[in-house]
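K.L.:
Sequence:
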Amino acid sequence: MKNNITVVGASNWDTFIYVDKMPRVGETIKGTDLKVSYGGKAANQAVQASLLGSNCTLITKLGDDPSGVNTLKNFKDKNINCEFVSVVPNVPSGCATIIVDKNGDNNIIIIGGSNDLLNEKDVDNAKLQIQNSSLLLCQLEVSLNVTLHALRIAKESKKCKTMLNLTPINNDPLILEMFKFVDILIVNEIELIGLYNSTFNNNNNNNNNNEKEFNINQLMEMCDNLIKKFENFENIIVTLGGNGQLLVSKENNKNCHIELKEKVKVVDTSGAGDSFIGSFAHYLVTENKSLKDSIESASKVASISVTRHGTQTSYPKSNEIN
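When we follow my numbering, the leftmost residue of the sequence shown carries the number 1, and every step to the right adds one.
Rather than coming from a laboratory, the hints here were simulated on the basis of the structure. Just so you know, not all the hints are guaranteed correct.
Cross-link-like lysine-lysine pairs, in silico, DSSO-like; alpha carbons within 30 Å at most [unchecked claim]:
#, residue 1, residue 2
1, 300, 289
2, 292, 158
3, 265, 35
4, 229, 292
5, 228, 161
6, 161, 127
7, 21, 212
8, 263, 21
9, 263, 212
10, 261, 212
11, 161, 250
12, 229, 254
13, 254, 289
These numbers come from a predicted model, not from an experiment.
Between the sequences and the hints, there should be enough to build the whole structure, so can you do that?
P.N.:
What follows is the structure in structure tokens.
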């Protein structure tokens, strides 16, 4: 199982509604298009890594409805190991409705469905798989207890690195417990500021800080303070959308701002973060690139994804990467 990537989390059936502008509260507007796609952060990340050539195993739960049947087939078609994908009867599969405006920005509503039934026993069944993997990749879309359990199991093995995509972020104290078992933390700018404020009790300034714009040096300083606070963190990666990414490491000589090398015409940003994370995992684990090089390569992949509609339908294969 060398160089395996194991992903724990949610799988969804995504419905995309395209509009010129986001509706206001109480407003009815006419959409311009409707599309469906496979989604869920864990599923997206596993699919993108697999499309690039990684050996991926997914631990997730599906309903026995048509969405679940089609999703399972999609995983198999993408060469993902489905040994730990379970199907539960009489429960709908997870789903999401995604509204995308003409600028490619989106709003998302998620229904957990079968994802909410993923439990610690499901993780225990995959214990050997996790511990023999090179990387465990988690997010926060399923039960936090399940995610914590998976991270803890991974760190019982000295060979498995752990990566946590801190989204959708919340203030549950279990997240602080997770940090004891996380090597690489991936956040966007808003998540970083929220985590920093809650960690260092900037409660009086929370609203102002969340609306304030920070420069690159200030964001890097926040990351550096978080690494000092949570000693298990080896690296924090901050995604900045069109402004690239930040890498902040325990080894300060690795700290850098990685700017986007080329501008693209954005059609739909849905799932772009997952494309970046799945790609980053692939380049780091399967191609054994450095952290910086992995980020640069993953950024190129995600840049392609935003030029296409949908989530997984927008993800490029290895032969599409220059």
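K.L.:
Now tell me, hint by hint, if it's right for this structure.
P.N.:
Against the structure, the hints come out as follows:
1. 300 x 289: Since the Cα atoms of residue 300 and residue 289 sit roughly 15 Å apart, the hinted pair holds (cutoff 30 Å).
2. 292 x 158: Answer holds: residue 292 to residue 158 is near 23 Å, not above 30 Å.
3. 265 x 35: 20 Å, holds
4. 229 x 292: This hinted pair holds, its Cα atoms lying about 23 Å apart.
5. 228 x 161: 19 Å, holds
6. 161 x 127: The given pair, whose Cα atoms are some 14 Å apart, holds under the 30 Å limit.
7. 21 x 212: 25 Å, holds
8. 263 x 21: Answer holds: residue 263 to residue 21 is near 23 Å, not above 30 Å.
9. 263 x 212: Given pair residue 263, residue 212 holds - Cα atoms ~25 Å apart, limit 30 Å.
10. 261 x 212: 26 Å, holds
11. 161 x 250: 15 Å, holds
12. 229 x 254: 19 Å, holds
13. 254 x 289: Holds, because 14 Å separates the two Cα atoms, which is no more than 30 Å.
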